[in-house]
Each structure stands twice: as structure tokens, then as C-alpha cells.
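Order-wise, the sequence lines are chains F and L. Numbering-wise, the first sequence is residues 1 to 147 according to the working numbering. Numbering-wise, the second sequence is residues 148 to 316 according to the working numbering.
Everything labelled a hint here was simulated from the structure, so no lab data went into it. Just so you know, these numbers come straight off a predicted model, no measurement behind them. Worth double-checking, as some hints may not be accurate.
To be verified - Simulated pairs of lysine-lysine, DSSO-like, Cα-Cα distance not exceeding 27 Å: (1) F:K5 x L:K306; (2) F:K53 x L:K283; (3) F:K51 x L:K283; (4) F:K53 x L:K306; (5) F:K24 x L:K265.
As the list claims (entries may be wrong) - Residues of chain F placed beyond 10 Å of chain L at every Cβ, according to the derived structure: (6) A88; (7) Y135; (8) K139; (9) F143.
Ideal Cβ placement from N, Cα and C applies to all residues, glycine included.
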Amino acid sequence: MELVKIENLLEKYFEGNTSLEDEKVLQTYFAQAYVPAHLQEYQAMFAYFSKNKAEVSTQQIQVKPVKKTWQLGWMSIAAAMLILFSIAYVLIPKEPTEAEKREAQMALVETQKAFQLISQNLNKGNNAIAYLKDYEVTKNKIFKTNN
Amino acid sequence: MNQNEFTALVMPFKDKIYRLAKRFLISRDSAEDVTQDIYLKLWRNKEKLKTYNSVEAFAMTMTKNHCLDVLKAKNSSNLKIIHNNYKDLNHNVERETEINDSVNIVHQLINELPEKQKLIIQLRDIEQYSFEEIGKILEIQPTAIRVALSRARKTIREKLLKKHRYGIS
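Model the full structure from these sequences, guided by the hints.
This is the structure we're talking about:
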């Protein structure tokens with residue numbers, strides 16, 4: 001490409017009047033190794049542009065986190081249910097079984113027997129206390145009291 | 148739209164999104180994060196994508212707005228100090244190499260441009276979009292683009308020539 005043509009394109013370029021095709025021509029021209037001395041600043045400019053064009057993002061894009069959050073949602077519901085159930089299991093009293101009922105009955109009978117035994121023995125004690133009155137009478141006969 | 152259709156539709160311009168984000172945020176990692184975020188957003192709106200004339204322009208606009216949000220958040224939080232430190236560090240590295248590396252000078256000059264001009268250079272000279280497409284992406288009139296582009300290119304040229312002459316003498 002003749003130098004004059006490049007210089008004209010550059011003039012247009014700085015006025016913002018070049019088309020994308022023109023700019024591609026300039027880009028190719030300045031990509032070559034030898035460029036006249038008075039155009040070398042422009043070479044730095046175009047070299048910078050093509051260097052930047054070549055830069056790429058290296059990370060892998062993941063576009064499925066929506067599903068992830070959904071799964072997490074179900075997980076949290078399940079966990080909440082589990083906690084509720086276990087609290088309920090501890091707090092709500094259960095219906096007693098047959099065996100437990102019988103046991104309780106027997107315990108009642110045993111207790112009643114024990115109470116009966118105690119009250120019988122207490123009654124014996126009562127009879128003995130009745131004799132104490134005779135002591136009182138005898139004492140009054142022997143000692144004259146002041147009153 | 149299934150995953151294959153989605154991938155075929157949006158993956159071709161992944162690097163353009165990344166490069167635009169990097170132009171805004173400078174750091175490679177931030178640009179990768181933004182790219183990931185943009186694809187998440189696109190995936191969530193995948194049913195609506197077919198209604199857009201140009202999904203690419205839509206995605207690029209989204210990237211631009213997202214980056215502006217990120218920058219705003221950074222400025223309003225105490226991350227600012229960290230960010231400035233990071234920038235300064237970068238600056239020094241650039242300054243060290245700039246004497247020899249004229250390509251790096253161009254990088255610095257573009258970063259010094261006003262936001263809008265910087266973006267137009269990115270979209271035109273690096274991504275080679277037409278004026279209509281740039282207008283759509285940046286949400287500005289196509290006629291205003293030519294002026295801003297010319298101004299940006301001339302600024303780069305002038306500063307480049309100045310530095311070059313300074314370097315020689």
C-alpha cells in the first residue's frame with residue numbers, strides 16, 4: 001500500500017471519518033515490522049489495540065446456580081421439618097401401653113397394702129395410748145396437786 | 148431456552164464483556180467477577196433475551212452499568228484506600244517500563260481519557276463496533292460518538308508525540 005494512501009487514511013482516522021474497513025487496513029499496515037520513522041507513534045497505538053483485542057477471559061462461566069439455590073431451598077425445608085419432628089417427639093406425651101397400665105395398677109395395690117399396714121400398727125399404738133389415762137388417774141390419787 | 152441455545156447465543160461475546168469490564172475496573176480479577184455476574188443475570192433473564200434486537204448490545208450495556216455500580220460501591224466504602232494503593236502500585240510499575248514500552252504509554256494515555264472517550268475507544272478501536280452499535284450500548288446519540296472518538300484519538304496522538312519528542316531530546 002502506498003504511503004500517501006496510508007497518510008490520507010490516518011488523517012481521516014483522526015477525524016473519526018474512517019469506516020471499519022479502513023481501520024482494518026490501517027491495522028494491517030501497522031502490524032508489519034517496518035514502518036517509516038514519522039509514523040512510528042501510530043504503530044504503538046495500533047499495536048496496543050491489537051494486543052488488547054487478543055486478551056481473553058480465562059475463567060469458565062457457570063450458568064446453573066439457579067438450580068443450586070433451588071436444591072438448597074429443599075434441603076433447608078427438609079432440615080426444618082426434621083428439627084420440628086424431633087422436638088415434637090420429645091415434648092408430646094405418648095399413650096401408655098397395656099404393660100405400663102398393669103404395672104401402675106400393681107404399684108397402686110402395693111402402696112395401698114403398705115398404707116394399710118401402717119394404719120393397723122398405728123391403731124395398735126392407739127390402744128397402748130389408752131393406758132396412759134390410767135397413769136394419769138393413779139398419779140392424781142398419789143400426788144395432791146395444787147389446783 | 149435450554150443451556151445449549153443459551154451458550155450459543157451469549158458465549159461469542161464473553162471476551163468483549165471481559166475486556167470492557169477490565170477497561171473500567173483495571174484489575175483482572177474484578178473483570179472476571181463482573182463477567183461471571185453478567186452471565187448470571189443473562190441466564191436469569193434467558194426467556195426475555197430473544198425479544199432483544201441485539202443481545203450483544205444489551206449485554207454490553209449491562210456490563211457498562213454493572214461496572215459503574217461496582218465503582219460507585221467501591222468509592223463509597225472504605226475499599227477506596229485499598230483501591231488507591233493498588234492503583235499507585237500499578238502506576239509505578241507502568242512508569243518504570245514506559246520508557247522502553249510505547250505500547251504501555253498508549254495504555255496509560257487511554258486510561259487518562261474522560262470516561263466516555265475511553266469507552267468509545269474501547270468499543271471502536273478494540274472491539275470494532277459500528278457507531279450505531281456503540282450508540283446503543285452507551286445509550287448516547289450516534290452523532291455524538293464521531294466527535295468524541297475523534298477527540299479521543301487526537302488526544303492520544305498529541306500526548307504520544309509529546310512524550311516521544313521528550314524522550315528523544
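Those earlier numbered hints the structure runs against, lowest number first
none
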